[in-house]
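Colleague: Guided by the hints, dock chain B onto chain A, whose structure is given.
Protein chains: 2
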Amino acid sequence: MKIICIGSGNVATHLSLALKKKGHIFSQIYSRSEENAEILAKQLNCKWTSSIHDISNDADIYLFAVKDAALEELVAKLKPNNGICIHTAGSVPITIFEKYSKNYGVMYPLQTFSKEQLVDFKKIPFFIEANNSKNEDIIFTIATELSEKVQRLSSEKRKYLHLSAVFACNFTNHMYTIANNILEQQGLDFSVILPLIDETASKVHHLSPKEAQTGPAVRFDHNIIEKQIKLIDKETANIYLSISKNIYKTHQK
Amino acid sequence: MKIICIGSGNVATHLSLALKKKGHIFSQIYSRSEENAEILAKQLNCKWTSSIHDISNDADIYLFAVKDAALEELVAKLKPNNGICIHTAGSVPITIFEKYSKNYGVMYPLQTFSKEQLVDFKKIPFFIEANNSKNEDIIFTIATELSEKVQRLSSEKRKYLHLSAVFACNFTNHMYTIANNILEQQGLDFSVILPLIDETASKVHHLSPKEAQTGPAVRFDHNIIEKQIKLIDKETANIYLSISKNIYKTHQK
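From first to last, the protein sequence lines are chains A and B. To convert, note that position 209 of the first sequence is 208 in numbering that gives the first Met the number 0; the numbers rise steadily by one, no gaps. To convert, note that position 130 of the second sequence is 129 in numbering that gives the first Met the number 0; the numbers rise steadily by one, no gaps.
Chain A with its partners taken away, still in its complex shape:
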């Protein structure tokens, strides 16, 4: 497949490099940032542009890995073409393409990507969708080259999947940030808490998260909760209390 990659962020970088490894050819990279476009183009051994109007109209696949907010504007500006437009976003419905393209779909990898960290796509679940079964077959084939875990999922359900990822990844990471701030203020190194973080993630491979829940909020231990909220600023204390109340409620059921 001849692919044009639109975007040069973490998802664009990891996904396009993995597809190149599988023998796909990238003919062009578009990015708003000339610098990022050039870096990724070198790795993919292809041309790059920072002007949306210079995107060629002869690709088989237009792979969009850009911010949700930028997606529709970019799709709208593509020259008429016969390629399949594919986006990689959790929360954007497939219908974003319908005004602009005949062939389109979605390929959403459920993972968090950092530029610095290598990614093994094999175990990453991919959720795909397309405007017809021919395009779905093509997207399914591409996704299964990368991952052992590909499944079809509607935009409606993908929206909820992405929301669950916001809790399990983004908000979890912020719990780490708050823990880090508390430790730093006491002159303690964040590394002391890594075994606990790892075990917390590991436990839910064997137990349901509800079964794995421990801590003072399960029985809403007033004594310790009241002491602990006095140790933190008001905003963090509000987060502490709202999560604790929700834990208690969950475990009363």
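There could be a bad hint or two in this list.
It does not matter which identical chain is used: a pair holds within one copy or between any two.
In the BS3-like style, the derived pairs of lysine-lysine whose C-alpha atoms are separated by at most 25 Å in a straight line are [unchecked claim]:
1. Lys1 / Lys101
2. Lys244 / Lys233
3. Lys148 / Lys101
4. Lys20 / Lys233
5. Lys229 / Lys248
Derived from the structure by calculation, the hints contain no laboratory data.
Modeller: Same frame as chain A, now just chain B:
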């Protein structure tokens, strides 16, 4: 060392079994629950009691691994003895012993324990404290038999350490619970999100949690945030918003 274990929960079980492996002798187990006391006593090959007044006064170590709220009452009821009273709680100050005992201290393992899951104590950080240097040396020696990572820490700092663990473990686990609920409602299996959970934990071994942060809250993407809070109940939406605002604030700094 001749040890009496007071408590039969997850911490008591894992810790006493690990100490037995290192050659310590358990002479007695106390637990409110006769059933649990008997189960653990069998594993430790020792006597058990569910009556606090039957705890022998000839042990070298009285190891308390009970709920915070139960601790003082139990300590107060011990017969006069020359053993070292040691508790294992994050948020309870060492001074809880001072009215009742001449020799006392703390040995706090920073980990989450489940009965079902095996624990490798070697990599678990232990935080110790004692009322004098002789007792501190004894507790240090015991802790280093189990773990490579033993350090002294005051009650004041341990209190904050425990608070950071509430965020990094208890609250993180509740983020998994909310994710699980959202997935279940859509007929999706929780296992689809495990690679994301693992990678989120793995990333903070190499990046600071602040550097690792991704998702719509970093730039407070109104469009997606407003869509997402409409998908969840009011209480969960409040948690979503308060964490998102705090993420945004953290990343504005």
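Colleague: All the hints need checking, so say for each whether the structure fits it.
Modeller: Hint by hint, here is what the structure shows:
1. Lys1 / Lys101: Intra 18 Å, inter 78 Å, cutoff 25 Å: intra-copy only.
2. Lys244 / Lys233: Classified as both: same-chain Cα gap 16 Å, cross-chain 13 Å, threshold 25 Å.
3. Lys148 / Lys101: neither (27 Å within a copy, 61 Å between copies)
4. Lys20 / Lys233: Close neither inside one copy (50 Å) nor across copies (46 Å); limit 25 Å.
5. Lys229 / Lys248: both (22 Å within a copy, 21 Å between copies)
Going down the numbered hints, you'll see the structure goes against 3 and 4, while the others check out.
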